[in-house]
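J.: Sequence:
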Amino acid sequence: MAEQEDSEELEQLKQRLAELEETAREYKDLFENARDVIVVFDLKGNVTAVNKAISDYGFVSEDLLGKNMLNFIAKKYWPRLLKELAQITKGNSVEGEIEVSTPRGQRVAEYRSNPIRRGGRIVGFQTILRDVTQRKQLKERLATLNFLGHKLVLLHDVREIAQTAVDAADRLLHLQSCGVWLVDEGKLVRIAHNKKDKAPEVNLQLDSDRGIIAASIRFGETIYLPDVTKDPRYIGGSFPARSELCIPLKVAGTVIGALNAESKELDAFSPEDRQLLQALANAVAVGLYNARLFEEVRKLEEFNESIVQNMTEGIILDDVDGVITFANPAAARMLGYAPEELIGKHWAEIVPSDQRHVIEETYERRRRGRSDRYEIELLGKDGKRLPALVSGSPRFEGGEFVGTQAVITDISDRKRAESRIRHLNAVLQSIRKVNQLITREKDRDRLLEGACDNFVKTRGYHSAWIALLDADRKLVTAVAAGLGEEFALLKEQLKRGHLNECTRRALRCPGVTVIEVPGSVCGDCPLLGKEPHERTMTTRLEHRGTVYGVLSVSIPLEFAFDPDEQRLFSEIADDVASALYRIELEEARKRTERQLELAYRQARRSLEGTVQALSAIGERRDPYTAGHSRRVAELACAIAEELGLPKDRIEGLRVAGLLHDIGKTSVPAEILAKPSRLTELEFDMIKA
Numbered sequence: 001m002a003e004q005e006d007s008e009e010l011e012q013l014k015q016r017l018a019e020l021e022e023t024a025r026e027y028k029d030l031f032e033n034a035r036d037v038i039v040v041f042d043l044k045g046n047v048t049a050v051n052k053a054i055s056d057y058g059f060v061s062e063d064l065l066g067k068n069m070l071n072f073i074a075k076k077y078w079p080r081l082l083k084e085l086a087q088i089t090k091g092n093s094v095e096g097e098i099e100v101s102t103p104r105g106q107r108v109a110e111y112r113s114n115p116i117r118r119g120g121r122i123v124g125f126q127t128i129l130r131d132v133t134q135r136k137q138l139k140e141r142l143a144t145l146n147f148l149g150h151k152l153v154l155l156h157d158v159r160e161i162a163q164t165a166v167d168a169a170d171r172l173l174h175l176q177s178c179g180v181w182l183v184d185e186g187k188l189v190r191i192a193h194n195k196k197d198k199a200p201e202v203n204l205q206l207d208s209d210r211g212i213i214a215a216s217i218r219f220g221e222t223i224y225l226p227d228v229t230k231d232p233r234y235i236g237g238s239f240p241a242r243s244e245l246c247i248p249l250k251v252a253g254t255v256i257g258a259l260n261a262e263s264k265e266l267d268a269f270s271p272e273d274r275q276l277l278q279a280l281a282n283a284v285a286v287g288l289y290n291a292r293l294f295e296e297v298r299k300l301e302e303f304n305e306s307i308v309q310n311m312t313e314g315i316i317l318d319d320v321d322g323v324i325t326f327a328n329p330a331a332a333r334m335l336g337y338a339p340e341e342l343i344g345k346h347w348a349e350i351v352p353s354d355q356r357h358v359i360e361e362t363y364e365r366r367r368r369g370r371s372d373r374y375e376i377e378l379l380g381k382d383g384k385r386l387p388a389l390v391s392g393s394p395r396f397e398g399g400e401f402v403g404t405q406a407v408i409t410d411i412s413d414r415k416r417a418e419s420r421i422r423h424l425n426a427v428l429q430s431i432r433k434v435n436q437l438i439t440r441e442k443d444r445d446r447l448l449e450g451a452c453d454n455f456v457k458t459r460g461y462h463s464a465w466i467a468l469l470d471a472d473r474k475l476v477t478a479v480a481a482g483l484g485e486e487f488a489l490l491k492e493q494l495k496r497g498h499l500n501e502c503t504r505r506a507l508r509c510p511g512v513t514v515i516e517v518p519g520s521v522c523g524d525c526p527l528l529g530k531e532p533h534e535r536t537m538t539t540r541l542e543h544r545g546t547v548y549g550v551l552s553v554s555i556p557l558e559f560a561f562d563p564d565e566q567r568l569f570s571e572i573a574d575d576v577a578s579a580l581y582r583i584e585l586e587e588a589r590k591r592t593e594r595q596l597e598l599a600y601r602q603a604r605r606s607l608e609g610t611v612q613a614l615s616a617i618g619e620r621r622d623p624y625t626a627g628h629s630r631r632v633a634e635l636a637c638a639i640a641e642e643l644g645l646p647k648d649r650i651e652g653l654r655v656a657g658l659l660h661d662i663g664k665t666s667v668p669a670e671i672l673a674k675p676s677r678l679t680e681l682e683f684d685m686i687k688a
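Quick note on my numbering: the sequence shown kicks off at 1 and runs consecutively.
Read the hints as simulated data drawn from the structure, not as lab findings. Please note that the accuracy of each hint is not assured.
Pairs of lysine-lysine, BS3-like flavour, derived with a Cα cap of 30 angstroms [claimed, not checked]: (1) Lys-151 x Lys-83; (2) Lys-415 x Lys-457; (3) Lys-474 x Lys-491; (4) Lys-136 x Lys-230; (5) Lys-90 x Lys-151; (6) Lys-474 x Lys-442; (7) Lys-442 x Lys-384; (8) Lys-44 x Lys-139; (9) Lys-83 x Lys-67; (10) Lys-674 x Lys-647; (11) Lys-495 x Lys-590; (12) Lys-250 x Lys-151; (13) Lys-187 x Lys-136; (14) Lys-52 x Lys-76; (15) Lys-250 x Lys-187; (16) Lys-433 x Lys-384; (17) Lys-230 x Lys-250; (18) Lys-196 x Lys-139; (19) Lys-76 x Lys-90; (20) Lys-44 x Lys-67; (21) Lys-52 x Lys-187; (22) Lys-139 x Lys-250; (23) Lys-196 x Lys-151; (24) Lys-415 x Lys-345; (25) Lys-151 x Lys-52; (26) Lys-474 x Lys-495.
Keep in mind it's a predicted model, so treat the numbers as computed, not measured.
Construct all of the structure, not just a fragment, from the sequences and the given hints.
T.: Here it is as structure tokens:
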């Protein structure tokens, strides 16, 4: 019975042992065929077992047995591993990431170590390694590309962008040669390269039949040469390259350059490498495009800023509360401020109170999005008013009204020109009316009074006065318009022979006299200070060398020194002087006519007496024909009047009729009265 039980127990043990052996074989199969590396260590860190996946690292399994783990791990990890080994001896599992030194170079692996127990005692540990080198590299590359993309966007210098990209490519792929080329007026210019590339600076022709870079840019396609010797287009560089990768830089379908990389190894660029460089090239293209845009924007901003800063029109920006936020130099200069002095002021501080309603009305229109132009007066720092033309427009940000923009044009010159034109037109109108007056007015005093009235009524001048003087500069007459008692005082001075300063200067020299600072020389003139914002223009009235007196008018200071104004004033004075000369001639002519008329009448009376006397003598010599001459004269005049002859002809006939027998006075009376026939001698005497 006991033997049977022992036999059954032995069978069970054999069956269990077989199961254990099967499990061990399965475990060993799993151990050997696992994709991850599995290493078994004792508590000293020596390798006691390793699966065949270790060959992926370039190791031979048998060579590792008995070797300590520290032989394959960089020293920087030793302190950490020793601490983790202490944790394992306490029954804890550990995990992490570590760099493993392999025959194929440094590899990055994730690991997890678990303690191995036998008989309740920890006798070693098992570590599972998973190679994450490629994943790590990809992650680093992606991080580098991401960082590079952000960095390139922030850079604005073309060469700096290109060099940053080249350095990144070199850092990721450890390239022998890498550079960025740009198209510049038909040539290819290298603007960046890595330090290993010792090739001199060269320019390549874009239309050349040789050169991979030129071909890639011309066709806009990536060109990869696993073996450069197989492509006749390849041009050798500074080292014996075996493979080349050239990627065109494209922006919006336009090729602007290329990223080129070369290696000493055949087929050096894996698909992953090519993808990486393609992504890098895309980032470079965008960065270069942004840099060009930034440069264009910068130049445009500088151009606009230059325009704003140097334009003659003023520009003022204010916010929604009317506070000035910007003023260009022209605006500040117009108002007498420095630009920074205007910042922070409310617009009401630069607008006179009587003009502010205009701005308030425009603000309501601005809020509704309307722009307009209007004229207004602004208030300078010195308190003076500045006439201005304002072009105002609203400013919106995100659809919200944020303030206004005003372009200000100083129209002082225009206003002065308009005022000058109005004034000169008034003066011309005054000249026309004075000329009309001169044409019809023959009286000197009425002419002078009418001229002064016209000077003032047309608003050409605010006041006017004329003083005529004789050869000894004594006052003959004086008239004025637009003046009050002050002129009466001046007239009294002139009567006393005391000439005011402007009269003295006008008489002393021809032309128009304007005293710029009257207070300095005109202290004794009764007209001083009557119109403080005006000046007087005075000129002498002269024609053909004869000075008749002076003409003086008051005029706004801004026109007093105007050449056109003075020319018109001189013309007025010449016209008045010419009129005085004509009146003088007319008066002289009338005096001469009166004298001639008087002499004529005296001569006629004398002639009448002579004719009457001669007629009477003839009648006394021949009483027989007494009254005959008078009757002949009357008959002749009657016939002449009937014929419509002029009066002077009729008068001549009358005198001829009275004197037609005047010959009788030379014939002896006895012959005239002889009753008988005349002898031949007597008849000859009568005929003689």
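J.: Decide, hint by hint, whether the structure agrees.
T.: Right, here's what the structure says about each hint:
Pair hint Lys-151 plus Lys-83 does not hold up; C-alpha atoms about 40 angstroms apart against a cutoff of 30 angstroms. Proposed proximity of Lys-415 and Lys-457 is supported: the alpha carbons are some 23 angstroms apart, at most 30 angstroms. For the hint linking Lys-474 to Lys-491, the alpha-carbon distance of about 11 angstroms falls within 30 angstroms, and the restraint holds. In summary, the hint linking Lys-136 to Lys-230 is not supported, as the alpha carbons are separated by about 35 angstroms, beyond the 30 angstroms threshold.
Restraint check for Lys-90 and Lys-151: the C-alpha separation of about 49 angstroms exceeds 30 angstroms, so the hint is violated. At most 30 angstroms may separate the alpha-carbon atoms for a hinted pair to count; Lys-474 and Lys-442 meet this at roughly 23 angstroms. The suggested pairing of Lys-442 with Lys-384 is violated, with an alpha-carbon distance near 49 angstroms, which exceeds 30 angstroms. Between Lys-44 and Lys-139, the direct Cα distance comes to roughly 34 angstroms. Violation of the 30 angstroms bound is thereby established for this hinted pair.
For the hint pairing Lys-83 with Lys-67, the CA-to-CA distance comes to about 20 angstroms; that is within 30 angstroms, so the pair holds. With a C-alpha separation of about 40 angstroms, the suggested pairing of Lys-674 with Lys-647 is violated against the 30 angstroms cut-off. For a cut-off of 30 angstroms, the pair hint linking Lys-495 to Lys-590 stands: about 29 angstroms separates their Cα positions. Of the pairs offered as hints, the one joining Lys-250 and Lys-151 holds, with about 19 angstroms between alpha carbons and a cut-off of 30 angstroms not exceeded.
A threshold of 30 angstroms between alpha carbons decides the hint, and for Lys-187 with Lys-136 the separation of about 40 angstroms lies outside it, so the pair is violated. About 27 angstroms separates the Cα atoms of Lys-52 and Lys-76, which keeps this hinted pair within 30 angstroms; it holds. Simply put, Lys-250 and Lys-187 have alpha-carbon atoms about 17 angstroms apart, close enough for the 30 angstroms limit, and the pair holds. Straight-line distance between C-alpha atoms of Lys-433 and Lys-384 comes to about 37 angstroms, which puts the hinted pair past the 30 angstroms bound.
For the proposed pair Lys-230 and Lys-250, the alpha carbon gap of about 27 angstroms is at most 30 angstroms, so the pair holds. For the proposed pair Lys-196 and Lys-139, the alpha carbon gap of about 26 angstroms is at most 30 angstroms, so the pair holds. A distance of roughly 24 angstroms separates the Cα atoms of Lys-76 and Lys-90; the hinted pair therefore holds under the 30 angstroms criterion. The hinted pair formed by Lys-44 and Lys-67 meets the criterion: a straight-line CA distance of about 10 angstroms does not exceed 30 angstroms.
For the suggested pair Lys-52 and Lys-187, the alpha carbons sit about 57 angstroms apart, so the restraint of at most 30 angstroms is broken. Note on Lys-139 and Lys-250: the hinted pairing holds, with a Cα-Cα distance of about 26 angstroms set against a maximum of 30 angstroms. Between Lys-196 and Lys-151, the direct Cα distance comes to roughly 23 angstroms. Compliance with the 30 angstroms bound is thereby established for this hinted pair. With a C-alpha separation of about 27 angstroms, the suggested pairing of Lys-415 with Lys-345 holds against the 30 angstroms cut-off.
Restraint check for Lys-151 and Lys-52: not satisfied, since their Cα atoms lie roughly 45 angstroms apart, outside the 30 angstroms limit. Simply put, Lys-474 and Lys-495 have alpha-carbon atoms about 7 angstroms apart, close enough for the 30 angstroms limit, and the pair holds.
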